[in-house]
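Student: Taken in order, these protein sequences are the chains called A and B.
Going letter by letter, the first sequence gives residues 1 to 84 in the numbering used here.
Going letter by letter, the second sequence gives residues 1 to 158 in the numbering used here.
Just so you know, not all the hints are guaranteed correct.
Pairwise CB distance ranges (calculated) [claimed, not checked]:
no.: 1; chain 1: B; residue 1: K74; chain 2: A; residue 2: S12; range: 41 to 47 Å
no.: 2; chain 1: A; residue 1: D16; chain 2: B; residue 2: G153; range: 52 to 58 Å
no.: 3; chain 1: B; residue 1: L89; chain 2: A; residue 2: T14; range: 47 to 53 Å
no.: 4; chain 1: A; residue 1: A57; chain 2: B; residue 2: D131; range: 37 to 43 Å
no.: 5; chain 1: B; residue 1: K79; chain 2: A; residue 2: K60; range: 30 to 36 Å
no.: 6; chain 1: B; residue 1: G84; chain 2: A; residue 2: M1; range: 47 to 53 Å
no.: 7; chain 1: B; residue 1: M121; chain 2: A; residue 2: L70; range: 52 to 58 Å
Rather than coming from a laboratory, the hints here were simulated on the basis of the structure.
A quick note: this is a predicted structure, and the numbers were derived from the prediction, not measured.
From the three backbone atoms N, C-alpha and C, an ideal C-beta is built for every residue, glycine too.
These are the residues of each chain, in order.
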Amino acid sequence: MSVVELATLQVSKTVDARGTSCPGPILAAKKGIVDVKVGEIMMVLATDSGTKKDLPAWAKKMGHDYLGVLEEGGIFKLYVKRLK
Amino acid sequence: MDTTKKTIILFSGDLDKALAAFIIANGAAAMGDDVTMFFTFWGLNVLRKSVAPPHKKSFLQGMFGGMMPKGPGKLGLSKMNFAGVGPKLMRRVMRQQNVSSLEELIATAREQGIKMIACKMSMDVLGLSEDELIDGLDYVGVATYLGEADEAGVNLFI
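Given these sequences and hints, build the entire structure.
Tutor: Now the structure itself:
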């Protein structure tokens, strides 16, 4: 997805994992995804740069669709679409 | 979801190795895996309560009990322990880097339903009884662990 597409996504749940380190962001994603309906999008906020690689791996394993990441001033916004 | 299983043996009672084991275990559980952690020998010290009821032990078991660390807060580092200063420095750096403490990781492991099993044989050798360890453990032999490992795609010895 392009930066513009990511920035205009309709997010139904935001999970704030800023300030946490591995494995904090994926723990937060696991807790957050249950509040998202299938087909809807969760945004994970993180400051740990390893999350850029970890969240796609988490989404793949869990069977969800990782859409991409936006970076703003050291904060990563990562988008995941719940598929099941 | 593609649930698989992972087993981790924690043999070591070093703070750094216990941290690695619990970070991997929590990560796997967050990815939907069933995780079983098998604690044996020095790894049992990670599960010790800091204060436990007194027990009648043999002389050698009493020595083990007195000299081994009582719980996660008392563990040393496998490298650069510096007679106990190393772990304090490590904990400080980890706080600065927002890394969860070992105590927090153990609590998270329990929240996530990670199965923790303790080797009864090494408990007997080291003179550790069930009420000296944290609650919610299963006390097992090697066959239980091997049965779990047979079902797992990944097995780590730490």
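Student: Has the hinted range 30 to 36 Å been met by the Cβ atoms of B/K79 and A/K60?
Tutor: Holds: the Cβ-Cβ distance is about 34 Å, inside 30 to 36 Å.
Student: Hint says 37 to 43 Å; check whether the CB-CB distance for A/A57 and B/D131 agrees.
Tutor: Roughly 40 Å apart at Cβ, these two residues keep to the hinted range, so it holds.
Student: Range first: 41 to 47 Å. Now tell me if the beta carbons of B/K74 and A/S12 are that far apart.
Tutor: holds, 45 Å
Student: Does the Cβ distance between B/G84 and A/M1 fall inside 47 to 53 Å?
Tutor: holds, 51 Å
Student: State, for the Cβ atoms of A/D16 and B/G153, whether the hinted interval 52 to 58 Å holds or is violated.
Tutor: Taking Cβ atoms as reference, A/D16 and B/G153 lie about 32 Å apart, which means the hint is violated.
Student: Quick check: does the Cβ-Cβ distance between B/L89 and A/T14 fall within 47 to 53 Å?
Tutor: violated, 36 Å
Student: Does the Cβ-Cβ separation between B/M121 and A/L70 fall within 52 to 58 Å?
Tutor: 53 Å Cβ-Cβ, so the 52 to 58 Å window holds.
In this structure, the earlier hints numbered 2, 3 are contradicted, and the remaining ones agree with it.
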